[in-house]
Amino acid sequence: NAGVMQNPRHLVRRRGQEARLRCSPMKGHSHVYWYRQLPEEGLKFMVYLQKENIIDESGMPKERFSAEFPKEGPSILRIQQVVRGDSAAYFCASSLYQAAGQPQHFGDGTRLSIL
Amino acid sequence: AQKITQTQPGMFVQEKEAVTLDCTYDTSDPSYGLFWYKQPSSGEMIFLIYQGSYDQQNATEGRYSLNFQKARKSANLVISASQLGDSAMYFCAMRELQGAQKLVFGQGTRLTINP
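Heads up: the sequence lines are chains A and C, in that order. With this note's numbering, letter number 103 in the first sequence gets 103, and the count goes up by one each step, no holes. If you count the second sequence from 1, you need to add 1000 to reach this note's numbering.
Heads up, a few of these hints could be off.
Using 20 Å as the maximum straight-line C-alpha spacing, the simulated SDA-like pairs for lysine to any residue come out as follows [what the hints assert, rightly or not]: (1) A:Lys44 - C:Tyr1025; (2) A:Lys27 - C:Ile1113; (3) A:Lys27 - A:Pro103; (4) A:Lys44 - C:Pro1009; (5) A:Lys44 - A:Val83; (6) A:Lys44 - C:Glu1096; (7) A:Lys44 - C:Glu1015; (8) A:Lys44 - A:Lys27; (9) A:Lys44 - C:Thr1007; (10) A:Lys44 - C:Ala1071; (11) C:Lys1003 - A:Met5; (12) A:Lys44 - C:Gln1014; (13) A:Lys44 - C:Ala1081.
Read the hints as simulated data drawn from the structure, not as lab findings. In this text the structure is predicted, and so the values were computed from the model without any measurement.
Using the sequences provided together with the hints, build the complete structure.
Structure, rendered in structure tokens:
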């Protein structure tokens, strides 16, 4: 019974390159959230997706960042032309449905380092 | 706007003692959920306990309990009989039950259990 799977676990990119982070939600979960965590800080919401739809992207930077959750396959968080400030841990979470007590189950995160 | 405040950057406790981690919140939404997550040094986010705004009783899960004082807008986590493996970062989070239902996290408390 696999949990939320994120890959890669660690990703190193040079400034100007593209970073692609993948997230496979728990089986049967159709709600996916992406969060970013800077060192010694709490997680900050980026985007909420359901299958093929972006529901809320109010936490996403307006440029260079995009997310998708296709009908088939994992959710992808894409960062174009990365800069040093993009270095962070990126977490994906999924939930079965939207209800009061439904916790969001997190993956182990992707640690992105920009050289 | 939602806000979560954790005022204790670090806590040091002797093994087997009980510890209380503070969390206060601010929201204008009458319906919300409060969560605690544990983040060990390995980096994953582990769901611990949930409290709903309309729950009459404090939530408990094994050695974890939540001291929910709605009028004071506080949701402190109590860990009984602490163990060395409890050493980790602990995050309080809130989820309003409207809109995207994203989690808003506090800054976290680093708990260290001393033998």
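Cross-check of the supplied hints:
no. : hint                : verdict
1   : A:Lys44 - C:Tyr1025 : 16 Å, holds
2   : A:Lys27 - C:Ile1113 : 35 Å, violated
3   : A:Lys27 - A:Pro103  : 15 Å, holds
4   : A:Lys44 - C:Pro1009 : 18 Å, holds
5   : A:Lys44 - A:Val83   : 18 Å, holds
6   : A:Lys44 - C:Glu1096 : 15 Å, holds
7   : A:Lys44 - C:Glu1015 : 32 Å, violated
8   : A:Lys44 - A:Lys27   : 24 Å, violated
9   : A:Lys44 - C:Thr1007 : 18 Å, holds
10  : A:Lys44 - C:Ala1071 : 26 Å, violated
11  : C:Lys1003 - A:Met5  : 29 Å, violated
12  : A:Lys44 - C:Gln1014 : 32 Å, violated
13  : A:Lys44 - C:Ala1081 : 31 Å, violated
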